[in-house]
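In numbering that gives the first Met the number 0, the protein residues as written are 0 to 393.
Treat the hints as calculated values from the structure; they're not laboratory data. Be careful, since some hints might not be right.
Unchecked claim - For lysine to any residue, the following SDA-like pairs were computed, each having C-alpha atoms within a straight-line distance of at most 20 Å:
id, residue 1, residue 2
1, Lys297, His316
2, Lys149, Arg126
3, Lys149, Phe66
4, Lys297, Gln370
5, Lys297, Val330
6, Lys155, Ala123
7, Lys149, Leu107
8, Lys359, Asp373
9, Lys297, Pro49
10, Lys297, Ser372
11, Lys110, Lys359
12, Lys297, Arg73
13, Lys149, Gly133
14, Lys359, Asn346
15, Lys110, Ala123
16, Lys149, His180
17, Lys297, Ala181
18, Lys155, His172
19, Lys359, Gly109
20, Lys359, Ala392
21, Lys110, Asn307
22, Lys359, Asp341
23, Lys110, Leu129
24, Lys155, Gly224
25, Lys297, Ile390
26, Lys149, Arg73
27, Lys297, Gly386
28, Lys359, Ala343
29, Lys155, Lys110
30, Lys297, Glu106
31, Lys110, Ala331
32, Lys110, Ala367
33, Lys149, Arg183
34, Lys155, Ala174
35, Lys359, Ser108
36, Lys297, Ala123
37, Lys359, Ala123
38, Lys359, Glu385
39, Lys359, Glu106
40, Lys359, Glu379
All of these numbers come straight from a predicted model, not from anything done at the bench.
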Amino acid sequence: MWPGITYEACAWERDPDELVLVPKSRRRKILPTYEAAVPAGIASLPVEIPSPLAQRLAEVEVSLARFDTAQEARGYSLPALLLRSESSSSSQIERLTSSVCNVALAELSGKVPANALLIAGNVAAMREALGQSGEIDIDSICAIHDVLMKGTREAKGLRDEQVWIGGSPYSSHGATFVPPHANRVRPCLEDLVAFGMREDIPPIAKAAVFHAQFETIHPFTDGNGRTGRTLLHRMLARDEVLLHAMLPVSAGLLHDVDRYMDALEAYHAGAIEPIIECLADALELAAVIGSRIASDVKEVLDNWAAANTDRAGSASHRLPALLVEQPVVDVAYVASHLGITDRAARNLVEVSCERGILAKMGNAKRGAFYQASDLIVVLEEASSLEGIRRIAAR
0 MWPGITYEAC AWERDPDELV LVPKSRRRKI LPTYEAAVPA GIASLPVEIP
50 SPLAQRLAEV EVSLARFDTA QEARGYSLPA LLLRSESSSS SQIERLTSSV
100 CNVALAELSG KVPANALLIA GNVAAMREAL GQSGEIDIDS ICAIHDVLMK
150 GTREAKGLRD EQVWIGGSPY SSHGATFVPP HANRVRPCLE DLVAFGMRED
200 IPPIAKAAVF HAQFETIHPF TDGNGRTGRT LLHRMLARDE VLLHAMLPVS
250 AGLLHDVDRY MDALEAYHAG AIEPIIECLA DALELAAVIG SRIASDVKEV
300 LDNWAAANTD RAGSASHRLP ALLVEQPVVD VAYVASHLGI TDRAARNLVE
350 VSCERGILAK MGNAKRGAFY QASDLIVVLE EASSLEGIRR IAAR
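Let the sequences and hints guide you as you build the complete structure.
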């Protein structure tokens, strides 16, 4: 039996001057102590998985290996495209939404809505995670979180204050869940890191438990959910479930957010099967979504190639792969990444607009930016809840 979390009484400390601003009705509910979670140490706990579930996990691993192998031979970076779908879906779970176009633009310009900047941070955090190698440790986890929260006012590093979920903004009293006291965060993470190094647990099950334990610890003041879902990819890569590709796992979780949240709550009570089953189902759906994106992108690139009559070796033949990675560009970006002059890049952008590959974006205040509309459409479909459900129903 997996141990559920226990609780400890902690002193509630708040600056008296701050309480002056709290309404009296709220002040009455603030008590001298509060109950904070105490996660069990899991570094060496036996992980018992029923045979039917173990068999299912093995089958999911095989299907993921097939998807991974299929992506290796592509002449463009599908992972770069899929991480955009992943980042958008992960952010939607936190009720952060923005258009794919604005998120891509946010990587080139700050003149976009705030949510687009936050989701662009998720894209950057995914890149950081996919670029890491070796074992997962506290420093690498913090590095992912630092990239995610860059440009915000959130403090870097592990939290040194109490946080809580739900309830009021004034105190943890009445909250839905109160994570561990700040003094427990580092020891809990050290235990989690040790768990992540184990080799005696099926990789998908280990990633699911690692994720649920991380969310229970809640080591940062903000961004825990998005960091935790990014770590799912890091775990799958660490255990070589995916070597060449990545999957929009959060799109699979977004398909049934209530089930995902219920599974995390069940973990608190000592049940690990719900979160393992939830992740297995999410990965299966993610593979379907990833395959659909790959198929749609191939169709787009084939159409672009058919419209390109330039000589072999021309920069125009390298532009599509660049747009897969960055579907919104300006002339300077094209020149820099294709290694051509600004004049040549300007001519290439103009010709690409004539061929329907690029379209100039309408907001003149943002400068001259161009979007690969066909790719944007593919991503919007795979990143929206409605689109995910349409793909799942096919």
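Now the hints, each set against the structure:
1. Lys297 to His316: Holds, at roughly 14 Å.
2. Lys149 to Arg126: 14 Å, holds
3. Lys149 to Phe66: Roughly 33 Å separates the two Cα atoms, so the pair is violated.
4. Lys297 to Gln370: 18 Å, holds
5. Lys297 to Val330: Distance ~25 Å between Lys297 and Val330 Cα, so the pair is violated.
6. Lys155 to Ala123: It holds: about 16 Å lies between the C-alpha atoms, which stays within 20 Å.
7. Lys149 to Leu107: Between Lys149 and Leu107 the Cα gap is close to 15 Å, so the pair holds against 20 Å.
8. Lys359 to Asp373: Given that 20 Å is the threshold and the Cα spacing comes to 13 Å, the pair holds.
9. Lys297 to Pro49: 40 Å, violated
10. Lys297 to Ser372: Within the cut-off at roughly 15 Å; holds.
11. Lys110 to Lys359: Cα-Cα ~16 Å, so holds.
12. Lys297 to Arg73: 9 Å, holds
13. Lys149 to Gly133: At roughly 24 Å apart (the allowed maximum being 20 Å), Gly133 and Lys149 break the hint.
14. Lys359 to Asn346: 14 Å, holds
15. Lys110 to Ala123: The hint holds at about 18 Å.
16. Lys149 to His180: 25 Å, violated
17. Lys297 to Ala181: Between Lys297 and Ala181 the Cα gap is close to 48 Å, so the pair fails against 20 Å, i.e. violated.
18. Lys155 to His172: The hint is violated at about 26 Å.
19. Lys359 to Gly109: 18 Å, holds
20. Lys359 to Ala392: 34 Å, violated
21. Lys110 to Asn307: Violated: Lys110 and Asn307 sit about 33 Å apart, past 20 Å.
22. Lys359 to Asp341: Answer holds: Lys359 to Asp341 is near 17 Å, not above 20 Å.
23. Lys110 to Leu129: Given that 20 Å is the threshold and the Cα spacing comes to 27 Å, the pair is violated.
24. Lys155 to Gly224: 16 Å, holds
25. Lys297 to Ile390: This hinted pair holds, its Cα atoms lying about 17 Å apart.
26. Lys149 to Arg73: 32 Å, violated
27. Lys297 to Gly386: OK: Lys297 and Gly386 at ~19 Å, within 20 Å.
28. Lys359 to Ala343: Given that 20 Å is the threshold and the Cα spacing comes to 17 Å, the pair holds.
29. Lys155 to Lys110: 24 Å, violated
30. Lys297 to Glu106: This hinted pair is violated, its Cα atoms lying about 24 Å apart.
31. Lys110 to Ala331: 17 Å, holds
32. Lys110 to Ala367: 12 Å, holds
33. Lys149 to Arg183: Distance of about 25 Å is beyond 20 Å: violated.
34. Lys155 to Ala174: Distance of about 24 Å is beyond 20 Å: violated.
35. Lys359 to Ser108: 15 Å, holds
36. Lys297 to Ala123: Judged against 20 Å, a Cα distance of about 25 Å means the pair is violated.
37. Lys359 to Ala123: 25 Å, violated
38. Lys359 to Glu385: Measuring from Cα to Cα gives roughly 27 Å; hence the hint is violated.
39. Lys359 to Glu106: 17 Å, holds
40. Lys359 to Glu379: Since the Cα atoms of Lys359 and Glu379 sit roughly 18 Å apart, the hinted pair holds (cutoff 20 Å).
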